[in-house]
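Trainee: This is what each chain is made of:
Protein chains: 2
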Amino acid sequence: MEIERKFLIKELPDLGQYKYVEIEQGYLSTSPVVRIRRKNDAYILTYKGSGLMAREEIEAPLTKEAYEHLLEKIDGYPITKRRYLIPLDPYTIELDVFSGHMEGLVMAEVEFPSLEEANSFTPPEWFGEDVTGDRRYHNSNMIFGNPLS
Amino acid sequence: MEIERKFLIKELPDLGQYKYVEIEQGYLSTSPVVRIRRKNDAYILTYKGSGLMAREEIEAPLTKEAYEHLLEKIDGYPITKRRYLIPLDPYTIELDVFSGHMEGLVMAEVEFPSLEEANSFTPPEWFGEDVTGDRRYHNSNMIFGNPLS
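Protein chains in written order, with our numbering: chain C, 1 to 149; chain F, 1 to 149.
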């Protein structure tokens, strides 16, 4: 079960000091989500049940060959982004800087161990609008073009 | 973790008294296995890690719409079979009677709680050759044609 909130970014912090991974992902199905993802040199199949803030998530490993095979079957376009991991005690901010057809979008996700913690979270100053409930900011709604443009 | 043995059938028992389900399935990937399956009116996504007799298996529900969407992405042909469930205390035999391009094949699978039980299993008289290790009898090797013909 994954409990998370998503925010737009008002003002980017200095990112030079943080680790990042390069992510490429595509969707075989969007409801439920059946997603393939490359994270640097790791290849992962992900299933996500329905639900906006809390939903079941299953991950399983793929080989590079299986990933490339499945990449030919995805709906629409792949999504590419650089994900920075920024500690915000006791949480970790996942800051996604998109490239490709979503270039310009920067979004932060924070995962919580409970709905109570998610609801009582106070975002840092540099966070902007809370877009947790806005489907335009779901990666699965970006695959046929930029839903924000 | 699934531990099972597969057998050909020497002589079919009277099947009139047993329950069955109609199965249709297809493969998005065969190594690892990413499979979609319709079982009467249930739709399931299955992931299977590598390994012949014992391998990791994950199942997740699909909607009918997602199943039909993914069915357009499968490799090769779908596999169709009627699966009878035959009690053989303390086990249940899954007897698969294939149709479509695998018409004529009848195969039994028995699942075990441990490798020890799998290895000490005594097949009933009407079972034929043990084909557990024979890749031609993997459904995932039947999708581009009949590997037995």
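Simulated from the structure, these hints should not be mistaken for laboratory data. Fair warning: there could be bad hints in the mix.
Stated by the list, open to error - Derived DSS-like pairs: lysine-lysine, alpha-carbon spacing no greater than 27 Å straight-line: (1) C/LYS73 - F/LYS19; (2) F/LYS10 - C/LYS48; (3) F/LYS48 - C/LYS73; (4) C/LYS73 - F/LYS10; (5) C/LYS64 - F/LYS73; (6) C/LYS73 - F/LYS6; (7) C/LYS39 - F/LYS64; (8) F/LYS73 - C/LYS48; (9) C/LYS48 - F/LYS19; (10) F/LYS48 - C/LYS48.
Trainee: Are the hints correct? Go through all of them and say.
Mentor: So, going through the hints one by one against the coordinates:
1. Our distance criterion of 27 Å between C-alpha atoms is broken by C/LYS73 and F/LYS19, whose separation comes to about 36 Å.
2. In summary, the hint linking F/LYS10 to C/LYS48 is not supported, as the alpha carbons are separated by about 43 Å, beyond the 27 Å threshold.
3. For the suggested pair F/LYS48 and C/LYS73, the alpha carbons sit about 19 Å apart, so the restraint of at most 27 Å is met.
4. Simply put, C/LYS73 and F/LYS10 have alpha-carbon atoms about 40 Å apart, too far for the 27 Å limit, and the pair is violated.
5. Between C/LYS64 and F/LYS73 the CA atoms are separated by roughly 19 Å; this keeps the pair inside 27 Å, and the hint holds.
6. For a cut-off of 27 Å, the pair hint linking C/LYS73 to F/LYS6 is broken: about 31 Å separates their Cα positions.
7. Restraint check for C/LYS39 and F/LYS64: not satisfied, since their Cα atoms lie roughly 30 Å apart, outside the 27 Å limit.
8. Between F/LYS73 and C/LYS48 the alpha-carbon distance is near 19 Å, which keeps this suggested pair within the 27 Å criterion.
9. Restraint check for C/LYS48 and F/LYS19: not satisfied, since their Cα atoms lie roughly 32 Å apart, outside the 27 Å limit.
10. With a C-alpha separation of about 17 Å, the suggested pairing of F/LYS48 with C/LYS48 holds against the 27 Å cut-off.
The earlier numbered hints that this structure contradicts are 1, 2, 4, 6, 7, 9.
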